[in-house]
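Line by line, the protein sequences give chains A and B.
For what it's worth, the numbering used here labels the leading residue of the first sequence as 35, then goes sequentially.
For what it's worth, the numbering used here labels the leading residue of the second sequence as 165, then goes sequentially.
Just so you know, the hints here were simulated from the structure itself, not pulled from any lab data.
Remember, it's a predicted structure, so these values are computed and weren't measured experimentally.
Just so it is clear, CB atoms sit at the ideal spot from N, CA and C, and this is done for glycine as well.
Where hints are given, some of them may not hold.
[Unchecked claim] Quick look at which bits of chain A chain B covers, simulated, 3 or more residues with Cβ under 8 Å:
id : region
1  : 69 to 81
2  : 332 to 346
[As the list claims (entries may be wrong)] Stretch-level coverage of chain B by chain A, calculated; a stretch enters the list once three of its residues show a Cβ under 8 Å from a Cβ in chain A:
id : region
3  : 234 to 247
4  : 251 to 258
5  : 289 to 299
[What the hints assert, rightly or not] As a list, the in silico SDA-like pairs of lysine to any residue whose alpha-carbon atoms are at most 20 Å apart:
id : chain 1 : residue 1 : chain 2 : residue 2
6  : A       : K69       : B       : R292
7  : A       : K69       : B       : G259
8  : A       : K70       : B       : R281
9  : A       : K69       : B       : E256
10 : A       : K69       : B       : I257
11 : A       : K70       : B       : L284
12 : A       : K69       : B       : D289
13 : A       : K70       : B       : G288
14 : A       : K70       : B       : R292
15 : A       : K70       : B       : D243
16 : A       : K69       : B       : L284
17 : A       : K69       : B       : I290
18 : A       : K99       : B       : R245
19 : A       : K99       : B       : D285
20 : A       : K198      : A       : H220
21 : A       : K70       : B       : G261
22 : A       : K69       : B       : R254
23 : A       : K70       : B       : D285
24 : A       : K69       : B       : G261
25 : B       : K221      : B       : V184
26 : A       : K69       : B       : T255
27 : A       : K256      : A       : A293
28 : A       : K69       : B       : P258
29 : A       : K70       : B       : R250
30 : A       : K70       : B       : D263
31 : A       : K122      : A       : R148
32 : A       : K70       : B       : G291
33 : A       : K70       : B       : R254
34 : A       : K70       : B       : D289
35 : A       : K70       : B       : I257
36 : A       : K69       : B       : A253
37 : A       : K69       : B       : D263
38 : B       : K229      : B       : A196
39 : A       : K99       : B       : I290
40 : A       : K70       : B       : R245
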Amino acid sequence: MQRHLISAADLTRDDAVQILDTAEEMARVADRPIKKLPTLRGRTIVNLFFEDSTRTRISFEAAEKRLSADVINFSAKGSSVSKGESLKDTAQTLEAMGVDAVVIRHGASGAPYRLANSGWIDAVVINAGDGTHQHPTQALLDAFTMRRRLVGRDAGIGQDLAGKRITLVGDVLHSRVARSNVDLLHTLGAEVTLVAPPTLVPVGVDTWPCVVSYDLDAVLPKSDAVMMLRVQRERMNAAFFPTEREYSRRYGLDGERMAKMPEHAIVMHPGPMVRGMEITAEVADSERCTVVEQVANGVSIRMAVLYLLLGGNQPAVTHTRIEEK
Amino acid sequence: MDTQASDARPVLEGPDIARVLTRIAHEIVERAKGADDVVLLGIPTRGVFLARRLATKLEEITERKIPVGSLDITMYRDDLRMHPPRALARTEIPGDGLDGRLVVLVDDVLFSGRTIRAALDALGDIGRPRAVQLAVLVDRGHRELPIRADYVGKNLPTSLRETVKVQLTEEDGRDTVLLGVKPTQ
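Bound conformation, chain A alone (with noise of 0.2 Å):
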């Protein structure tokens, strides 16, 4: 049995629903007067993070604290790793610390799958974003969204996605966001649509369990959930279109486009947003965008995978997809 969370792959949909309805009830602990449980005290968790990160650290941070862990917050700046410390060196010093879970961003995809299999340290390794691979929390938070707003709170606990129509929108070439989200969504049972210009779409995207557009307008009438990616200019040492105003004209989403959706659907964000490119001011502030319910869910969902790996003596998520080692 496999105790870590690399991929959303590597989820069932058991799994998946489990995560969700845990989450749900850890939802409820933010109302609670003391915003904390004692279910995790007395371990350590590192949050290693060798690339930038606002939300997804300070939410997995709020989550390891409001369940009584010990958080220990590392970046690459500033560290070993700037003297040119490897990864292996920076895992087995933080083993010898006796640290129980490492919560890992890299910019290399692959670098938490190799925390987890190489044996360098027996903590448990949770993917806070790699390279272009993978965010498994993003995914499952947004599925989560998605399940409050399309399905209901109370009505959807034990419940997936099924028949729900997603659209991701925007730099799925570069976008962690984008594969985590394809592969959970399909594990849930929603159908997914990504709809990019073309120089932003993968090679190989025939083999993801999705369908691809080039027509935005067409294919908006007939979501429940719109996603809209961030550019990443960041990755982008090429020109993949030609101005920022023909992208945000044929790919960003603006007041008019968001009145083609259907009346029930929702306006998703994974943030950063950037304003006047892939989404207009006036979206992202409407009632239908779920930009900031997001980071709220997220640390209910982090504090549910938490749980669910370190709560007990043995993780109650099971990875049948990936063979054991």
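Fit chain B to the given chain A structure using the hints.
Just chain B now, with coordinates in the frame of chain A:
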């Protein structure tokens, strides 16, 4: 579980359980002098159904609405690290909260007392009741902590080799308390 249920003999049947709950409801009214500030909190799973039934009886007696909720103690258990993580149940605190109220915890079986210890810890994070009392359908003894019940449906002296299983219509399709013998391994 099913093989064990077949050897198990019922010690309380449906009508007994109803009578016992009526008696407990009257005791609560008597001890709380009218049950003005009573809040019933059931411990999932079966404690919640018992709490709801008690609330109905209390409402009949006092002709007043009795707040009833549920308190999941999973995250406060002291044996979390001895098992895989358990699924969480719902904690539902009635709208007016618990501050200054008389909270009556309701559970099906009182055994080691560890569940109630966890429940007291959980309560401390949610509010500050005026007092906390405990009502159980069955007290089977073998306490491992200094905890006792204020209202007991039935005292059932048992040996540690025996099992006590409460079944309620809401969850199991029938009302009964079964006393069985642990299968020897």
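Checked against the structure, which of the hints given earlier come out wrong? none
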